[in-house]
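Take the given structure of chain A and dock chain B to it, following the hints.
Letter by letter, the chains look like this.
Number of protein chains: 2
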Amino acid sequence: MSEQVPPPPPPEVLVLGPPGIFRTKNYEKLFDDRFRVLKPWQSPVPLFQFLQTHAQNTRALVCGGGFKHLGSETLDRLPSLGVVVVTAAGLNHIDLQECRRRGIAVAYASTIFSPDVADLAVGLLIDVLRRITAGNRFVKSGIWPVKSVEGSYPLATKLSHKRVGIVGLGSIGQEVAKRLEAFDCKISYHSRSKKSSVSYQFYSDVRELAADCDILIICCALNDQTNHLITKEVLEALGKHGVIINIARGAIIDQKELVQFLQEGRIAGAGLDVLENEPYVPPELCELNNVVLSPHFAVYTEESFRDLCELVVGNLDAFFSNQPLLSPVLKE
Amino acid sequence: MSEQVPPPPPPEVLVLGPPGIFRTKNYEKLFDDRFRVLKPWQSPVPLFQFLQTHAQNTRALVCGGGFKHLGSETLDRLPSLGVVVVTAAGLNHIDLQECRRRGIAVAYASTIFSPDVADLAVGLLIDVLRRITAGNRFVKSGIWPVKSVEGSYPLATKLSHKRVGIVGLGSIGQEVAKRLEAFDCKISYHSRSKKSSVSYQFYSDVRELAADCDILIICCALNDQTNHLITKEVLEALGKHGVIINIARGAIIDQKELVQFLQEGRIAGAGLDVLENEPYVPPELCELNNVVLSPHFAVYTEESFRDLCELVVGNLDAFFSNQPLLSPVLKE
Numbered sequence: 001m002s003e004q005v006p007p008p009p010p011p012e013v014l015v016l017g018p019p020g021i022f023r024t025k026n027y028e029k030l031f032d033d034r035f036r037v038l039k040p041w042q043s044p045v046p047l048f049q050f051l052q053t054h055a056q057n058t059r060a061l062v063c064g065g066g067f068k069h070l071g072s073e074t075l076d077r078l079p080s081l082g083v084v085v086v087t088a089a090g091l092n093h094i095d096l097q098e099c100r101r102r103g104i105a106v107a108y109a110s111t112i113f114s115p116d117v118a119d120l121a122v123g124l125l126i127d128v129l130r131r132i133t134a135g136n137r138f139v140k141s142g143i144w145p146v147k148s149v150e151g152s153y154p155l156a157t158k159l160s161h162k163r164v165g166i167v168g169l170g171s172i173g174q175e176v177a178k179r180l181e182a183f184d185c186k187i188s189y190h191s192r193s194k195k196s197s198v199s200y201q202f203y204s205d206v207r208e209l210a211a212d213c214d215i216l217i218i219c220c221a222l223n224d225q226t227n228h229l230i231t232k233e234v235l236e237a238l239g240k241h242g243v244i245i246n247i248a249r250g251a252i253i254d255q256k257e258l259v260q261f262l263q264e265g266r267i268a269g270a271g272l273d274v275l276e277n278e279p280y281v282p283p284e285l286c287e288l289n290n291v292v293l294s295p296h297f298a299v300y301t302e303e304s305f306r307d308l309c310e311l312v313v314g315n316l317d318a319f320f321s322n323q324p325l326l327s328p329v330l331k332e
Numbered sequence: 001m002s003e004q005v006p007p008p009p010p011p012e013v014l015v016l017g018p019p020g021i022f023r024t025k026n027y028e029k030l031f032d033d034r035f036r037v038l039k040p041w042q043s044p045v046p047l048f049q050f051l052q053t054h055a056q057n058t059r060a061l062v063c064g065g066g067f068k069h070l071g072s073e074t075l076d077r078l079p080s081l082g083v084v085v086v087t088a089a090g091l092n093h094i095d096l097q098e099c100r101r102r103g104i105a106v107a108y109a110s111t112i113f114s115p116d117v118a119d120l121a122v123g124l125l126i127d128v129l130r131r132i133t134a135g136n137r138f139v140k141s142g143i144w145p146v147k148s149v150e151g152s153y154p155l156a157t158k159l160s161h162k163r164v165g166i167v168g169l170g171s172i173g174q175e176v177a178k179r180l181e182a183f184d185c186k187i188s189y190h191s192r193s194k195k196s197s198v199s200y201q202f203y204s205d206v207r208e209l210a211a212d213c214d215i216l217i218i219c220c221a222l223n224d225q226t227n228h229l230i231t232k233e234v235l236e237a238l239g240k241h242g243v244i245i246n247i248a249r250g251a252i253i254d255q256k257e258l259v260q261f262l263q264e265g266r267i268a269g270a271g272l273d274v275l276e277n278e279p280y281v282p283p284e285l286c287e288l289n290n291v292v293l294s295p296h297f298a299v300y301t302e303e304s305f306r307d308l309c310e311l312v313v314g315n316l317d318a319f320f321s322n323q324p325l326l327s328p329v330l331k332e
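Keeping their order, the protein sequence lines are chains A and B. Per the numbering used here, residue 1 is the first one in the first sequence, and the count goes up by one each step. Per the numbering used here, residue 1 is the first one in the second sequence, and the count goes up by one each step.
Since the hints were derived computationally from the structure, they do not count as laboratory data. Accuracy of the hints is not assured; some may be wrong.
Because identical chains share one entry, a pair is satisfied inside a single copy or across any pair of copies.
[As the list claims (entries may be wrong)] With a straight-line cut-off of 30 Å between C-alpha atoms, the simulated DSSO-like cross-links for lysine-lysine are:
(1) K194 to K178
(2) K186 to K240
(3) K186 to K162
(4) K232 to K162
(5) K232 to K178
(6) K140 to K68
(7) K147 to K39
(8) K240 to K29
(9) K39 to K25
(10) K240 to K147
(11) K147 to K256
(12) K147 to K25
(13) K256 to K140
(14) K195 to K178
(15) K29 to K162
(16) K140 to K25
(17) K240 to K68
(18) K25 to K68
Since the model is a prediction, treat every value here as computed from it, not as a measurement.
For reference, chain A alone in the conformation it holds in the complex (with noise of 0.2 Å):
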């Protein structure tokens, strides 16, 4: 009989954030039962104090969404960090060059969630077009039988051959684009250039896609280029008959300027899933009814979460040994 090796300790695994796929009790297990995870936010102690004394020798982190910021402060409590794999697609709370400067390696979500993101971008602007929320209201409380439907709404907003402008071509944008071809709308788009891999007309000032648009669609990440892009000037492009949607990230849009827009009527409409200051809500927006709003859950579903697990467990595991990252981010 051969002597019986002891199997080797697994994995440490730092978590911050936490994660959304964590709060699905099954993927956490996942996550524990492969490796030893330190998950500093059932701890009392406080977070910099707790990475001194358990993380010192750490080298892989899982950040989420919910995490701030993930800068120097953090960092330097991480001598032995060698990979951070973000659980989303946006990489805003992430700092890239501090993490390059100290040869961490980053992955990220890709374009795991473009899909749904894309697809509660074409929901909200039915949504929105449609007057959808608001028809159900008006079923649901009862008052059907008792009053004409025509009396109660005005009338709604055809989304077939809309123009429709896209901000921010990239993976969500361009499937985005793709499902509207197919309502028949015209896509055109702005972003930092063009590329030569579409037919969409391509506009370098934003506020001139506004100016040729009925329907703007905000799909961009957010930076310090695109942040506040979509200004006062841009909506009065957009006009009284345009519609906006943001599933990208809320600071992309002037959130004052759009409430105050709305508020007036000098735009149409609005579908927004991300908020400047989420999940802090202007009551104003509450108040209308052309305005559709979500919790940023573009990637909350079922199928998204399995397949973001299996990534960062992907990742992780191609870390650990020594294989290239399934999903690296891409130098700028």
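Chain B in isolation, oriented as in the chain A frame:
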């Protein structure tokens, strides 16, 4: 100076219904400017008496979707009738055989509404799968800052790659299919006969279609063959993860069974623009978060009303000038 010949009196048009477009005063005016319009709903006289008194010479009738049944009882009182222009795409309220027997031509809305109805079908579907109306209520009620999204909802369901079964692959069904292909859904269908023009999988048995699908979308006409086509057995085959969308006519689904399946979680959700005894709504449906209801307003867009108005006027003009109708009802 030539002698002035008085213009001929405008042709007379009887309107029954009255159609939704008449709720828009501009469109009613457009008819009034062009025709001498008989509007029995404005008269205190009972309908049949009104027809006997005023409509003995009337050659053209515009019939709104709200007129419950156009059959021999009404037609007997309109001896000069030559054309019926129906303002709906569905003809279940028109006795076509009786019209044919009397040599009365029939025109209808044809495919004019198909894109709008298909758009609403997709909107209701995304709404049910992604819980948009529930999310909107959550955010607008102001509890987002105090209650986590994850704790408040089960995860939503992804649309991409779902198997969609379309019941009735006419003009609306094909528009729905075209849109959902762009969401990478797998389309199959049930109809009276296999269509040689499409490559989607055909099911001669609607129960088998339901068994092989995640989503069922009802797009067929209501007639003797499709009344209660969606039985308890079909819903059972669709199963507890299945979702059903109905933008056709309420009576195509056995509504009593549907309500029970939804209440007991034996199907996952429903999006219904039509109900069996609308505007009366089963109160059980109003309490379910996984049910999105709209008040049979799939065609209520500014653009479709304008297009319908033009089509109805165009058909009347064609009739009065002995030209072929623009949108005749095809021989079944």
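Status of the hints after comparison with the structure:
1. In this assembly of identical chains, K194 and K178 lie within 30 Å of each other by CA distance both inside one copy and across copies; the values are 17 Å within and 28 Å between.
2. With identical chains, the CA atoms of K186 and K240 are at most 30 Å apart within one copy only, with a shortest distance of 19 Å there and 38 Å across copies.
3. Taking the closest pair of Cα atoms, K186 and K162 come within 30 Å of each other both inside a single copy (6 Å) and across two copies (26 Å).
4. For the homomeric pair K232 and K162, the shortest alpha-carbon distance inside one copy (22 Å) is at most 30 Å, but the shortest distance between copies (40 Å) is not.
5. For a Cα distance limit of 30 Å, the shortest separation of K232 from K178 inside one copy, 29 Å, qualifies, whereas the shortest one across copies, 37 Å, does not.
6. With identical chains, the CA atoms of K140 and K68 are at most 30 Å apart between copies only, with a shortest distance of 24 Å across copies and 39 Å within one.
7. For a Cα distance limit of 30 Å, the shortest separation of K147 from K39 across copies, 22 Å, qualifies, whereas the shortest one inside one copy, 55 Å, does not.
8. For the identical chains of this complex, K240 and K29 are inter-copy neighbours only, at 26 Å across copies versus 51 Å inside a copy, given an alpha-carbon limit of 30 Å.
9. Only within a single protomer do K39 and K25 lie at most 30 Å apart by alpha-carbon distance; the minimum there is 14 Å, versus 65 Å between protomers.
10. With identical chains, the CA atoms of K240 and K147 are at most 30 Å apart within one copy only, with a shortest distance of 28 Å there and 35 Å across copies.
11. Taking CA atoms no more than 30 Å apart as the test, K147 paired with K256 passes between copies only; the shortest distance there is 24 Å, against 36 Å inside one copy.
12. For the homomeric pair K147 and K25, the shortest alpha-carbon distance between copies (19 Å) is at most 30 Å, but the shortest distance inside one copy (47 Å) is not.
13. Proximity of K256 and K140 under a CA criterion of 30 Å is satisfied inter-copy only: 17 Å between copies versus 32 Å inside one chain copy.
14. In this assembly of identical chains, K195 and K178 lie within 30 Å of each other by CA distance both inside one copy and across copies; the values are 15 Å within and 26 Å between.
15. Taking CA atoms no more than 30 Å apart as the test, K29 paired with K162 passes between copies only; the shortest distance there is 28 Å, against 47 Å inside one copy.
16. When the C-alpha separation of K140 and K25 is checked against a cutoff of 30 Å, the pair qualifies only between copies, where the shortest distance is 29 Å, while the shortest distance within a copy is 34 Å.
17. In this assembly of identical chains, K240 and K68 lie within 30 Å of each other by CA distance neither inside one copy nor across copies; the values are 36 Å within and 39 Å between.
18. Proximity of K25 and K68 under a CA criterion of 30 Å is satisfied intra-copy only: 23 Å inside one chain copy versus 54 Å between copies.
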